[in-house]
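*Asks:* Guided by the hints, dock chain B onto chain A, whose structure is given.
Protein chains: 2
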Amino acid sequence: MTIMVPVGVSARHIHLSLAHIDILFGAGYQLTSFRDLSQPGQYAANEMVSIVGPKGRFDKVRILGPARGATQIEISRTDAFALGINPPVRESGHIEGTPGLKVIGPQGEVELEQGVIVAARHIHFHTKDAEQWGIADKQMLRVKVNGERPLIFENVIARVSEQYALDMHIDTDEGNAAGVKTGDQAEILD
Amino acid sequence: MTIMVPVGVSARHIHLSLAHIDILFGAGYQLTSFRDLSQPGQYAANEMVSIVGPKGRFDKVRILGPARGATQIEISRTDAFALGINPPVRESGHIEGTPGLKVIGPQGEVELEQGVIVAARHIHFHTKDAEQWGIADKQMLRVKVNGERPLIFENVIARVSEQYALDMHIDTDEGNAAGVKTGDQAEILD
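Chains as they are written, first to last, in the working numbering: chain A, 8 to 197; chain B, 8 to 197.
So here's chain A without its partners, still in its complex pose:
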């Protein structure tokens, strides 16, 4: 059985808490949707911010909505060198002990104490897909990506939920190293 999954290459982005949206965009501000993402209910917002580190900054960093309990910034290792920080590779939501950055919006700025990660590559499975293929939540998978620069990613984390749609998430370093872009297909080897 060959199991193919679509690839989504994530550029640097930020998830904001409601409190930080208030500071950056004004009290009570509501993010607006630029386009829907692969995961149900998730969207790329029209709104963007700047992120500033000790050695560099990026402007026009896309906000992903809706608001979350804690602000989290996901960047590539390449971005991290340019910014001058050293975030760990982590699963989304695990931000304890990570570095921060300054975030600048049109109405204010926030000095984050933590929240910057390099996202660990993972595949979202709907529960039915996972059951059909015998894949368990948190299982580590090997995935072949047949782009211009073929490679096999090991330690790809399976994340299973009824809230998820099938999609493999890698960052721009990983996408570029494989020569793939969003919408390409990858094959789960085992």
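Don't take every hint at face value.
One copy or two, it doesn't matter: identical chains are merged, so the pair holds either way.
SDA-like cross-link-like pairs, simulated, lysine to any residue; straight-line CA separation at most 25 angstroms [stated by the list, open to error]:
1. 62 with 41
2. 151 with 76
3. 188 with 61
4. 145 with 119
5. 151 with 33
6. 145 with 19
Hints in this document: simulated from the structure, not taken from any laboratory. None of the values given here were measured: they were computed from a predicted structure.
*Replies:* Frame of chain A, contents of chain B only:
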């Protein structure tokens, strides 16, 4: 038999022709060595230039010496997006039909018509190493990199010469995707 090779992660850099060194640094200028590289006779120069594309620029781009017959710029895919150009993945020296960039030195500037590539990952073997391990020039290898983000690179080109020292060359996207740095070890699988 386990075959291990050292990894070298190449940041963006430029090789210059003598004619371009004359324009960028002044007639008859001689590059000076900052440090030796893994390949015999090759060095990172103290001298640096700026490279400028339609969408962005990088300053302090390291020159690798000695001078070559044709100027060549090696960047990552991430760099290419930032500069606003779309160079192909190529072996060093194969620059026909590639895009150019503007190069700025302290004494002048050059508008390259071609010469920018994303370097195809490869391993330099001394002839004796290749013979011992049964590896032929141009052979495609699979190489496992056990960094923080383990992966297997396919289509790694073997380059065999008596002028070479054992070293695997990948770019920063590939190094970051694997979580490895220069001096780490990789394993040739087949």
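*Asks:* For this structure, which hints from the list above don't hold up?
*Replies:* Failing hints, ascending: 2, 4, 5.
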